[in-house]
Amino acid sequence: MKLIDRSFDKDGSGQVTLLPEDPEDMWHAFNLVAVGDSLRSTTIRKVQNESATGSVSSSKIRTTLTVTIETIDFDTAACVLRVKGRNIQENQYVKMGAYHTLDLELNRKFTLAKECWDAIAIDRIEQACDIEKKADVAALVMQEGLAHLCLLTGSMTVVRAKIETNIPRKRRGSCEQHDKGLGRFYESVMQGILRHVNFEIVKCVLVASPGFVKDQFCEYMFSQAIKTDCKIITENKSKFLLVHSSSGFKHSLKEVLQDPSVTAKLADTKAAGEVKLLEQFYIMLQHEPDRAYYGIKHVESASESEAIETLLISDRLFRAQDVPTRRRYVALVEKVKDLGGDVKIFSSLHVSGEQLDQLTGVAAILRFPIPEIDEEDATDSDED
Amino acid sequence: MSRHRNIRSMNVHDEYEGYDDVYGHSVEDDYGVSPATEAQFMYRRSEAPRLSSFIEESKKESIEEEEEYDYDDQEDHDHSLSDSQTFQWPRLSDQNEARLRSCLEEIHNVIGDSVPQHVLVDTVMKCDFDLDKALDAVLSLQDKPKEARPPPTAAAPPRTQGAGAGDRWQQAPAADSCHPKEEAAPRVAQVSTPRRQVKTGFQPVATRSKQVTTGFQVPPTDTREVIAENGLGGNTEAGDREDQQAMPTSQKAAGKTKQVLDVAAELSKRDEGKEVINMVIIGHVDAGKSTLMGHLLYRMGHVNKKTMHKYEVESQKAGKASFAYAWVLDETGEERVRGITMDVGLTKFETDHKVVTLLDAPGHRDFIPNMITGAAQADVAILVVDASTGEFEAGFEAGGQTREHAMLVRSLGVTQLAVAVNKLDTVGWSENRYQEIVKKLGHFLKQAGFKDSDVVYIPVSGLQGENLIKPASEPPLTAWYKGPCLLQQIDSFKSPPRPVDKPFRFCVSDVFKGMGSGFSVAGRMVAGSIQNGTRVMVMPSGETATVKGIAIHDFPMNWACAGDHATLTITGTDIMKVSVGSVLCDLANPIQAASRIKARVIIFNIDVPITKGFPVVFHYQTLSEPANIRKLISLLHKSTGEVTRNKPRCLSKGNNAVIEVELNRPVCLELYKDNKDLGRFMLRYGSATIAAGVVTEIP
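Chain order of the listed sequences is A and B. So the first sequence is residues 1 to 384, counted in UniProt numbering. So the second sequence is residues 1 to 699, counted in UniProt numbering.
Warning: the hint list may mix true and false statements.
Residues of chain B clear of chain A, computed beta-carbon distances all greater than 10 Å [said to hold, decoys possible]:
id, residue
1, Ile111
2, Met308
3, Gln316
4, Lys320
5, Gly333
6, Thr351
7, Thr426
8, Lys451
9, Lys513
10, Met557
11, Val580
12, Ala594
13, Ser595
14, Gly613
15, Arg630
16, Gly654
These stretches of chain A come out as covered by chain B in the derived footprint (C-beta under 8 Å, 3 or more residues) [claimed, not checked]:
id, segment
17, 206-216
18, 354-364
Read the hints as simulated data drawn from the structure, not as lab findings. None of these values were measured; they are calculated from a predicted model. Every residue, glycine too, gets a C-beta built ideally from N, C-alpha and C.
Using the sequences and the hints given, assemble the complete structure.
What follows is the structure, given as structure tokens:
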């Protein structure tokens with residue numbers, strides 16, 4: 001993402017103009033826009049013209065529209081952001097108040113104006129525009145009969161393909177069906193790689209599985225690539241990195257990102273950092289349960305006591321539709337920051353973020369134990 | 001000129017967008033339409049709409065109607081002579097009117113307008129709105145006007161077309177009466193040469209008179225039920241086309257199982273009264289599980305000398321001479337090359353009093369999911385431990401699989417355990433070493449929940465074959481060991497009671513293409529019994545299928561019951577609808593499929609505490625599914641089971657708790673109190689088993 005222009009007033013209102021460059025930027029944009037903001041972008045509008053004789057012709061016109069946002073949709077798989085709202089700047093084609101749905105496009109700039117830009121949103125822009133923090137990694141987690149092919153970017157984990165094949169078991173006296181099924185499975189996984197992994201962008205392909213599935217698969221893939229003279233694979237052989245995982249389900253991606261050989265390569269990627277931090281939280285919960293809390297109520301009361309050392313918070317919470325809820329979380333983050341605490345905003349698209357989401361979305365590691373919180377409300381109701 | 005420009009600059013794509021949505025423009029130029037199809041879609045002004053013919057009515061009404069027909073019948077004769085001028089549309093009830101019209105339309109479809117309307121109306125009324133009969137009558141009138149109407153027997157009923165919508169109705173359960181001819185009379189098994197070759201569907205001939213010449217009669221019930229009841233002496237029947245194909249099967253099946261077999265009685269007769277027992281072999285990787293069992297099988301003569309010799313030569317070539325016996329059970333190339341078992345090897349042997357299904361589980365840490373699959377199917381277990389110096393400790397200490405496996409099988413309901421202290425020859429059959437192991441293990445196994453009386457220790461050597469099927473002969477061993485050999489111990493295991501009288505449940509562990517039609521599923525009969533030809537339901541897909549063949553260890557059988565490891569051949573459903581983890585069950589008592597359950601769990605030794613939102617892998621029977629812990633409901637007291645705390649923040653090791661688990665996909669489950677085997681599960685996270693649980697509630 002490129003920041004083209006920004007102008008903030010003293011009261012916090014203002015606007016920024018951004019240019020999204022890759023699909024991940026759409027995800028950032030999705031986290032920036034909120035209902036009630038206004039958004040200007042070029043778009044295509046179908047306009048009907050009535051000629052003097054009364055005949056009607058319709059044509060598609062590229063025009064620039066500004067809308068106040070009413071609904072926001074994001075498709076994670078395709079990375080498409082659509083924003084619906086009412087026009088607030090009349091032009092020759094579109095009347096005031098007419099509804100329009102803006103599809104944000106890559107390489108077309110858009111301007112977003114907010115009543116109030118908070119720290120979270122500004123951080124998000126900085127993060128999005130930081131070109132340093134980019135590492136595209138493809139990860140393949142597999143087990144016999146099941147494979148997930150994911151693309152990992154700074155703030156997204158997108159499952160590009162899920163391959164599930166039934167592989168007959170070995171049976172006394174015949175394992176042809178087993179071998180055949182396995183061959184078929186490897187073939188479809190390899191096709192998945194060829195189709196979804198762009199080796200120009202991807203720096204590393206992690207292949208993870210329990211047992212020997214990964215070795216077997218790579219053996220198959222490279223021999224197949226030589227047979228079929230598939231240059232893409234043979235040329236990028238060095239990009240494949242074999243890692244152990246306990247299963248082929250998506251959440252074992254977490255184990256992959258914790259693997260020492262992977263962390264060495266991806267040290268400063270957000271995904272790996274988040275996994276590590278969440279692990280720290282769990283270890284703290286194990287050893288000193290009074291220093292690890294989760295759930296907004298618990299965390300807020302810890303924040304009251306100025307005890308929070310690290311705050312783990314999911315970006316899902318900032319996408320809350322109603323303003324007071326968002327403000328509550330923003331206030332929490334700002335308070336923690338003011339007191340010198342560390343705030344980590346997890347991307348809800350990563351596996352670790354997904355887990356944090358399930359864990360109410362907010363958790364904290366404290367500086368000192370506060371046993372009282374725990375006793376206070378055994379009947380806490382917001383945990384549902 | 002300007003207009004031309006308009007057209008030239010016109011964006012055709014834009015202009016025509018939504019073109020297909022426009023109503024009322026004709027598309028017939030694009031398609032060649034057959035007259036019959038055309039007739040279905042053409043609106044004939046001469047005929048009133050016949051919407052009412054599609055309205056469902058209850059069966060009761062249709063019975064009442066029948067009486068009316070008789071009345072109409074008599075009245076018809078008065079009209080029969082009237083000609084087209086004086087012809088008046090008969091006064092009929094709404095329903096009969098609708099029937100009449102639908103019949104007329106069908107007849108028009110077939111013969112066109114060559115016969116006057118009033119003649120048709122008469123004929124239809126005479127034939128009680130029965131399309132086939134009426135058509136027959138009309139056609140014979142046309143052909144030989146003077147010849148009397150042929151007797152309405154089933155001998156030559158024409159196959160006629162049920163028009164589009166009507167077709168679908170026929171396949172609906174018999175309760176709807178839009179096609180009265182179906183209800184009105186018994187169906188007939190065979191339909192002879194159709195006069196008109198229209199293919200879609202057919203209406204079985206309905207003869208009022210009971211002079212049916214072929215086939216059997218049955219009350220018109222749903223075909224599926226009838227097949228299921230075949231064993232009870234129900235009659236055969238023919239329904240719609242689909243069922244006619246299925247008929248040979250059902251008749252054959254009916255022949256085979258004239259009455260329901262008394263499974264309990266049959267069971268006691270089978271295999272000369274030997275009891276079936278499922279035994280899983282567990283233990284740390286390289287403890288010698290496969291070798292031990294491979295050697296046992298060889299000694300018992302289940303592997304012929306030639307094959308064994310081949311294995312010996314080949315394994316020697318591969319530089320793994322000591323793996324020759326393991327190759328009996330490790331059959332895939334990968335397993336042999338690596339020298340470890342990856343998937344459960346399944347085989348069978350017989351002892352004096354038992355038929356043993358042997359499940360050779362993999363010991364490697366990464367294959368514990370496979371091991372769980374095997375252990376979930378077992379009644380008893382043999383824990384193999386490596387006695388050689390350092391190896392026992394490696395397997396037994398944290399990180400070894402000896403503990404985890406023992407905990408797992410205990411949690412999966414195995415109570416009887418034999419510990420084979422293997423490779424004792426490497427320490428010179430030292431009694432001290434044996435006692436040391438027994439002491440260490442005994443302590444642990446007691447903690448794990450095995451009763452002392454249910455655990456037996458046997459010193460063996462898998463590679464040398466010592467103390468396997470014959471009592472010990474090595475002097476250093478016989479000096480201090482007087483107990484039974486491994487085979488004797490296996491023979492003395494107690495077979496658990498089998499829930500034969502419960503509703504049928506079959507857990508699928510493997511799906512593959514067998515020989516012949518359909519496909520095969522292998523798995524374990526958990527409850528109830530199954531016989532050839534039975535219709536079963538496949539859960540969670542909800543499909544019904546027919547069991548066409550049953551084989552137990554490759555021997556074809558007519559039936560199988562709880563406890564057996566069977567391979568069922570299935571037809572009537574797609575292979576995609578059945579997967580590993582599916583449950584075949586009784587049609588009348590299907591198993592529940594749920595994606596959210598409440599369960600009581602016991603937490604094992606874990607490094608990180610369990611909170612809500614914790615991602616786990618849910619292992620259940622043969623299935624493993626990703627799941628999430630949605631809620632921690634309450635913490636229970638270990639021994640009393642009382643709630644000690646509601647909504648705990650986290651669960652740590654040794655806790656006993658009630659939690660809610662959410663699965664990604666629905667899984668077939670039963671409550672623990674209803675069926676112990678189907679109510680147990682394990683939770684794993686990373687490479688560790690973190691909890692064992694039982695299902696307490698399926699919301």
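Hint check:
1. Ile111: 50 Å, holds
2. Met308: Since the minimum Cβ distance to chain A is about 15 Å, B:Met308 lies beyond 10 Å and the statement holds.
3. Gln316: 22 Å, holds
4. Lys320: The assertion about B:Lys320 holds, with a minimum of 16 Å to chain A.
5. Gly333: 7 Å, violated
6. Thr351: At roughly 19 Å from the nearest Cβ of chain A, B:Thr351 sits farther out than 10 Å, so the non-interface label holds.
7. Thr426: 27 Å, holds
8. Lys451: 32 Å, holds
9. Lys513: 7 Å, violated
10. Met557: 17 Å, holds
11. Val580: Contrary to the label, B:Val580 does not stay out of reach of chain A, its closest Cβ about 7 Å off (not over 10 Å).
12. Ala594: 19 Å, holds
13. Ser595: B:Ser595 is indeed farther than 10 Å from all Cβ atoms of chain A, at 15 Å.
14. Gly613: 2 Å, violated
15. Arg630: Incorrect as stated: the minimum Cβ-Cβ distance to chain A is 8 Å, not above 10 Å.
16. Gly654: Nearest chain A Cβ is 13 Å from B:Gly654, so the label holds.
17. 206-216: The restraint on the segment 206-216 of chain A holds, since 4 of its residues have a Cβ under 8 Å from chain B and three suffice.
18. 354-364: holds (count 7)
Violation of the numbered hints given earlier is confined to hints 5, 9, 11, 14 and 15; the remaining hints are satisfied by the structure.
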